[in-house]
Amino acid sequence: MSAPSRDTKRHTWAEYQTWNDEHRWEIIAGTAYLMSPAPTWRHQGMLRQLLRQMEPFFQGKKCQIGFS
Numbered sequence: 000m001s002a003p004s005r006d007t008k009r010h011t012w013a014e015y016q017t018w019n020d021e022h023r024w025e026i027i028a029g030t031a032y033l034m035s036p037a038p039t040w041r042h043q044g045m046l047r048q049l050l051r052q053m054e055p056f057f058q059g060k061k062c063q064i065g066f067s
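Under numbering that gives the first Met the number 0, residue 67 is the last one in the sequence shown; the count climbs by one each step, no gaps.
Derived from the structure by calculation, the hints contain no laboratory data.
Heads up, a few of these hints could be off.
With a cut-off of at most 20 Å between alpha-carbon atoms, the simulated SDA-like pairs for lysine to any residue come out as follows [claimed, not checked]:
| no. | residue 1 | residue 2 |
| --- | --- | --- |
| 1 | K61 | L50 |
| 2 | K8 | I27 |
| 3 | K60 | L50 |
| 4 | K8 | R23 |
| 5 | K8 | A28 |
| 6 | K8 | N19 |
Label pairs and their calculated CB-CB ranges [to be verified]:
| no. | residue 1 | residue 2 | range |
| --- | --- | --- | --- |
| 7 | T17 | Q52 | 45 to 53 Å |
| 8 | K61 | T39 | 17 to 25 Å |
| 9 | C62 | D6 | 34 to 42 Å |
| 10 | R5 | L46 | 26 to 34 Å |
| 11 | R9 | F56 | 43 to 51 Å |
| 12 | T17 | L46 | 30 to 38 Å |
| 13 | E21 | R41 | 18 to 26 Å |
| 14 | Q48 | A13 | 38 to 46 Å |
| 15 | R41 | H10 | 32 to 40 Å |
| 16 | S35 | H10 | 13 to 21 Å |
| 17 | H10 | K61 | 30 to 38 Å |
| 18 | L49 | D20 | 28 to 36 Å |
Ideal Cβ placement from N, Cα and C applies to all residues, glycine included.
Generate coordinates for the entire structure from the input sequences, incorporating the hints supplied.
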C-alpha cells in the first residue's frame, strides 16, 4: 500500500521527529507532504550523459539546457 501524498492533520516538529524513515515527509505550516524519493546514482549518471550529448546541439542557439 502506498502512502498518501498529503496528511491533512496538523503535525508538530516533535511528532515528525518520532516518525520512522520508511517514507520521506516534509512539514509545511503543520501539514505533512510526502516527498519524492531521492534520485539514484544510476539515474543521475544517465542524466549527466544525456545532457553531455545534448549540449553541443544547443550551443549558439536561443534554446538552452538549464534550470531556473
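Outcome of the hint check:
1. K61 with L50: Since the Cα atoms of K61 and L50 sit roughly 17 Å apart, the hinted pair holds (cutoff 20 Å).
2. K8 with I27: holds, 12 Å
3. K60 with L50: At roughly 15 Å apart (the allowed maximum being 20 Å), L50 and K60 satisfy the hint.
4. K8 with R23: holds, 17 Å
5. K8 with A28: holds, 11 Å
6. K8 with N19: The given pair, whose Cα atoms are some 17 Å apart, holds under the 20 Å limit.
7. T17 with Q52: 45 to 53 Å: holds, 46 Å
8. K61 with T39: 17 to 25 Å: Violated: the Cβ-Cβ distance is about 33 Å, outside 17 to 25 Å.
9. C62 with D6: 34 to 42 Å: holds, 40 Å
10. R5 with L46: 26 to 34 Å: holds, 28 Å
11. R9 with F56: 43 to 51 Å: Between R9 and F56, where Cβ atoms are some 49 Å apart, the hint holds.
12. T17 with L46: 30 to 38 Å: holds, 35 Å
13. E21 with R41: 18 to 26 Å: This hint holds: roughly 22 Å between Cβ atoms.
14. Q48 with A13: 38 to 46 Å: holds, 44 Å
15. R41 with H10: 32 to 40 Å: holds, 33 Å
16. S35 with H10: 13 to 21 Å: holds, 19 Å
17. H10 with K61: 30 to 38 Å: For H10 and K61 the Cβ distance comes to about 46 Å; the hint is violated.
18. L49 with D20: 28 to 36 Å: holds, 31 Å
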